[in-house]
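A.B. asks: The lines below spell out each chain.
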Amino acid sequence: MDDYAIGVLTNIGLFSFLALSAYLLLVAGEMSFGQQAFFGVGAYAGGILTALYGWPLPLAALAAMALGALAQFLVGLPTLRLRGLYFAMATLAAAEMFRILFELFHWRVERNGELAGPDGTQGFRGIRWIFEHGIEPVHYLILVYALLAVILLLLVWVERSRLGAVLRGVGLDPELAASVGIDVQKAKLGVAAAAGALAALGGVLYAHHNTYIEPRNFDIMLGVHSLAYALIGGLGTAFGPLLGVLLDIGVLEGTRFFHGYRMIVFGGLVAVLLVFRPRGLLDERMVLWIRRRFS
Amino acid sequence: MLADLIQNSLDGVTAGAAYALFALGFTLIFGVLRRANLAYGPAIMFGCYAATWTHLNFGAGLLLLAVITIAGGVLAGAYVERLCFAPHRGGSAIAAMVASFALWMQFEELATIVMPRHLYAFPALYDGPPLELGPFTLRIDGLVMLATAIAACALLWWILYRSRFGLAVRAVIEQPAAASLAGINVPWVLVRVFALASALGGVAGYLVVASHGQITPMLGMWSTLKGLLAMMLGGLGSLPGAVLGGLALGLIEAHSQWFFGPQWRDLIAYLLLFVLLAARVPWMTTRSAS
Amino acid sequence: MSLLGVQDVVTAYGKIEALKGVSLDVAQGSITCLLGPNGAGKTTLMMSIAGILKPKRGRIVFEGQNIAGTPPHAIVAKGVALVPENRLVFPAMTALENLQAGAYQRADRKTVGEDIERLFTRFPRLKERAGQQAGTLSGGEQQMLAVARALMSRPKLLLMDEPSLGLAPLVVEEIFRIVTELHKDGVSIFLVEQNAHMALKVAQHFYLMEQGKVTFSGNPGSLAEDEVIRRAYLGSAQA
Amino acid sequence: MDTATFLLSLVLAQTPQADLRCTPTGEDFIYDCTVTLARGGKPLERAEITVGADMPSMPMAHSVRPSKARPGTKPGEYHFRLDLEMLGEWAVKLRLGGPVRDQLTLHYEFDSQGATRRK
Numbered sequence: 037m038d039d040y041a042i043g044v045l046t047n048i049g050l051f052s053f054l055a056l057s058a059y060l061l062l063v064a065g066e067m068s069f070g071q072q073a074f075f076g077v078g079a080y081a082g083g084i085l086t087a088l089y090g091w092p093l094p095l096a097a098l099a100a101m102a103l104g105a106l107a108q109f110l111v112g113l114p115t116l117r118l119r120g121l122y123f124a125m126a127t128l129a130a131a132e133m134f135r136i137l138f139e140l141f142h143w144r145v146e147r148n149g150e151l152a153g154p155d156g157t158q159g160f161r162g163i164r165w166i167f168e169h170g171i172e173p174v175h176y177l178i179l180v181y182a183l184l185a186v187i188l189l190l191l192v193w194v195e196r197s198r199l200g201a202v203l204r205g206v207g208l209d210p211e212l213a214a215s216v217g218i219d220v221q222k223a224k225l226g227v228a229a230a231a232g233a234l235a236a237l238g239g240v241l242y243a244h245h246n247t248y249i250e251p252r253n254f255d256i257m258l259g260v261h262s263l264a265y266a267l268i269g270g271l272g273t274a275f276g277p278l279l280g281v282l283l284d285i286g287v288l289e290g291t292r293f294f295h296g297y298r299m300i301v302f303g304g305l306v307a308v309l310l311v312f313r314p315r316g317l318l319d320e321r322m323v324l325w326i327r328r329r330f331s
Numbered sequence: 021m022l023a024d025l026i027q028n029s030l031d032g033v034t035a036g037a038a039y040a041l042f043a044l045g046f047t048l049i050f051g052v053l054r055r056a057n058l059a060y061g062p063a064i065m066f067g068c069y070a071a072t073w074t075h076l077n078f079g080a081g082l083l084l085l086a087v088i089t090i091a092g093g094v095l096a097g098a099y100v101e102r103l104c105f106a107p108h109r110g111g112s113a114i115a116a117m118v119a120s121f122a123l124w125m126q127f128e129e130l131a132t133i134v135m136p137r138h139l140y141a142f143p144a145l146y147d148g149p150p151l152e153l154g155p156f157t158l159r160i161d162g163l164v165m166l167a168t169a170i171a172a173c174a175l176l177w178w179i180l181y182r183s184r185f186g187l188a189v190r191a192v193i194e195q196p197a198a199a200s201l202a203g204i205n206v207p208w209v210l211v212r213v214f215a216l217a218s219a220l221g222g223v224a225g226y227l228v229v230a231s232h233g234q235i236t237p238m239l240g241m242w243s244t245l246k247g248l249l250a251m252m253l254g255g256l257g258s259l260p261g262a263v264l265g266g267l268a269l270g271l272i273e274a275h276s277q278w279f280f281g282p283q284w285r286d287l288i289a290y291l292l293l294f295v296l297l298a299a300r301v302p303w304m305t306t307r308s309a310s
Numbered sequence: 007m008s009l010l011g012v013q014d015v016v017t018a019y020g021k022i023e024a025l026k027g028v029s030l031d032v033a034q035g036s037i038t039c040l041l042g043p044n045g046a047g048k049t050t051l052m053m054s055i056a057g058i059l060k061p062k063r064g065r066i067v068f069e070g071q072n073i074a075g076t077p078p079h080a081i082v083a084k085g086v087a088l089v090p091e092n093r094l095v096f097p098a099m100t101a102l103e104n105l106q107a108g109a110y111q112r113a114d115r116k117t118v119g120e121d122i123e124r125l126f127t128r129f130p131r132l133k134e135r136a137g138q139q140a141g142t143l144s145g146g147e148q149q150m151l152a153v154a155r156a157l158m159s160r161p162k163l164l165l166m167d168e169p170s171l172g173l174a175p176l177v178v179e180e181i182f183r184i185v186t187e188l189h190k191d192g193v194s195i196f197l198v199e200q201n202a203h204m205a206l207k208v209a210q211h212f213y214l215m216e217q218g219k220v221t222f223s224g225n226p227g228s229l230a231e232d233e234v235i236r237r238a239y240l241g242s243a244q245a
Numbered sequence: 291m292d293t294a295t296f297l298l299s300l301v302l303a304q305t306p307q308a309d310l311r312c313t314p315t316g317e318d319f320i321y322d323c324t325v326t327l328a329r330g331g332k333p334l335e336r337a338e339i340t341v342g343a344d345m346p347s348m349p350m351a352h353s354v355r356p357s358k359a360r361p362g363t364k365p366g367e368y369h370f371r372l373d374l375e376m377l378g379e380w381a382v383k384l385r386l387g388g389p390v391r392d393q394l395t396l397h398y399e400f401d402s403q404g405a406t407r408r409k
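Protein chains in written order, with the numbering used here: chain D, 37 to 331; chain X, 21 to 310; chain G, 7 to 245; chain C, 291 to 409.
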């Protein structure tokens, strides 16, 4: 595969973590505009641990996921009682605060004769772990998709389990869920933490793929796009968000056929598609239909 | 110190006037549709770009540019209403909002294609010296913006509380099902409210671009964020709240920029919104937002 | 001559058919009543006639014209007004504004003022509450306001969906007194009611409905009242 | 910081430095660029450079088709063509193969005249 294909596929994989993170919250009935903040937390935390403190990537990723989960949990604690647009705006405000904090964040450390580490708006250069360990782009691509596969298996298993039913119940009808004894707040906080961890994992992988990150990478556009991918792909299954990302970055970007007009085509396609399938391509009904045909 | 306080407040109120106008448009649409229109700012940007494009190619007077901006805004607004809000009236709020986000992307890319340069000049509303009021200065275009905001409120109040159309709009806001049973053509009311909000946005967009004397593709995101922020601060769905929220946002930004610097300005505005939302202050969570 | 003819109407919510082919008639100048247990489809039928729901099949003929599937505001223009279940007044608007909203379509603005005066004489309590927000009115007052609002569009046929719902017996008496007064003034009324006893006292003709189907049609007295009440509440489960 | 440590840090400075000069080719958003690579003050030769670009906002969505750089006449100089989607600020990515394996990110504002460095 040539460099371009590897690049596009890696981007699809990285974005899928973010879209899955937005999807989790959507299934639990909450619309978040802020997953990019936890993507950023993961990127910075992972980058600092490997580039400045020599941690191995797997360990740094786990630490970053924990930090992302904690961050989203803390943001969710006071706001998850809010509903609809109130919650969306609270997450938007929180995410913009994170982005501005990244701009104010300077953590310069002396590393082999040079100052390294996040330097506010100048960004954070030199996250070279994969170069120092001779990992070729194609190997990294395989790593990204292996992790994605693990996450997907986990999500599919959860969806088939009682926990999955609880989450969908909380999302579709919180009052009903509460009336049958589900602690809606606890469930939502759990989902929020998981979504934070997932976004952070994506962030770590992005930072090491790109070797450079800056606050502008984690702006609203990323957040609302990931929400859009989750919804367009479909809320019926964890594969939905992947389809959303594939549709935009894969088909339209990859084909370069709409060179320069990509967003106009994609925007129009999304708006029209949502008219006919308000819960996305792979919504619950479609998933049931597919399951019935193949099982 | 007191002089700075007053000067900042004056600047804050004039800047807040633009936010108030954007928030009014958002609130009107939210009031009748219970949906946030993420393409509201970008539709205004479309109007402003249409005016800039005309000015670049044919040259146009201030008034004609204003008319083109408003017309462009209303046209773009109608396109958004037909494609994102009409089909989802009974359906899901998220689908409508994501659809409006998709059109935001369309407007933004269209703007960068038609006029690729990152920044275009726009004929200033008034480029003379600011008004001197003893030790204080007040920009004329800021005053015009403030006057327009007040006029817009008065006009909206008159429309809503003194006209037959306003009665229908309020009925649709409160009880859409009962409104149709009372003989009100609800879909047609929604189209007209959307056009009214878009025209209001066109006015706001024109004043902002004319007072800054320039236009960039970031206008869509900026106006959407500020409009949403002001609407939320003032209390979702309340028109007076939108104006107060806009002015409050202007004041907060002006003072925090003075005391803490530009980066802290936005941080403080977002922090305030987050804290108020988290504390679920009464005026913010009265209206349900599906 | 029948003012309203419902012919084999089927209305569904998604795949669930709430009305499975309903046919009935409302005679000109009559009070016709529809009784039946909860979930029989009474409100679905009212909403189908008023245009809020679009029937899948069948015709709804009003003054010789099929209005099935016409949007609600157009049906109001043809002269059919629905007093909806649990009233749906405009809470933050004053009682007077609620009435004005009811007359939204009327081109003859000056006669609207006269109508409001006439309704204030018929509903004196509403006159006292005119400047008050509708949301602060009592249940009975809101019901009267909803009826008055529907009358503001000068309907030829008034549909009333369970006007006695949630009201004290004394207030229910007053509501039914108003219904008989309206009937004396020549308004044709199609009434859906749980309170079978009261309904049978005022109706000239009544229908019984169960699981989306009409199961009985006749005038009061043609069936023993307790039999009617048994079937209206318990359904006609064969012993 | 006396001269000795300064010189030492200069030599030890692992990260290569790069500077870009781009001229528009007249075709929309396509530029012919020359990059001069140096490491520790000495020009970096025999580098295999793959050039890509991305936008700071929405980083994973604007992947431009990467192109290989051809070595130029002067040592440490390489030429390549850059096909962007739109004007504005781009993060140009130089992936270095050969003697030095690394990736550099340079921010340039691209407009109708050429490219001016931002970061």
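It is worth saying that the hints were derived from the structure and are not from the lab.
Careful: at least some of the hints might be erroneous.
As the list claims (entries may be wrong) - Mimicking SDA-like on lysine to any residue, the simulated pairs with C-alpha atoms at most 25 Å apart in a straight line are:
{"#": "1", "chain 1": "G", "residue 1": "Lys62", "chain 2": "X", "residue 2": "Ala106"}
{"#": "2", "chain 1": "G", "residue 1": "Lys84", "chain 2": "X", "residue 2": "Gly111"}
{"#": "3", "chain 1": "G", "residue 1": "Lys60", "chain 2": "G", "residue 2": "Glu91"}
{"#": "4", "chain 1": "G", "residue 1": "Lys21", "chain 2": "X", "residue 2": "Leu84"}
{"#": "5", "chain 1": "C", "residue 1": "Lys409", "chain 2": "D", "residue 2": "Gly149"}
None of the values given here were measured: they were computed from a predicted structure.
A.B. asks: Would you mind marking each hint as holding or not holding in the structure?
C.D. replies: For each hint, the structure was consulted:
| no. | hint | result |
| --- | --- | --- |
| 1 | G/Lys62 <-> X/Ala106 | holds (22 Å) |
| 2 | G/Lys84 <-> X/Gly111 | violated (29 Å) |
| 3 | G/Lys60 <-> G/Glu91 | holds (18 Å) |
| 4 | G/Lys21 <-> X/Leu84 | violated (55 Å) |
| 5 | C/Lys409 <-> D/Gly149 | holds (21 Å) |
Comparing the model with each earlier hint shows violations of hints 2, 4; every other hint is respected.
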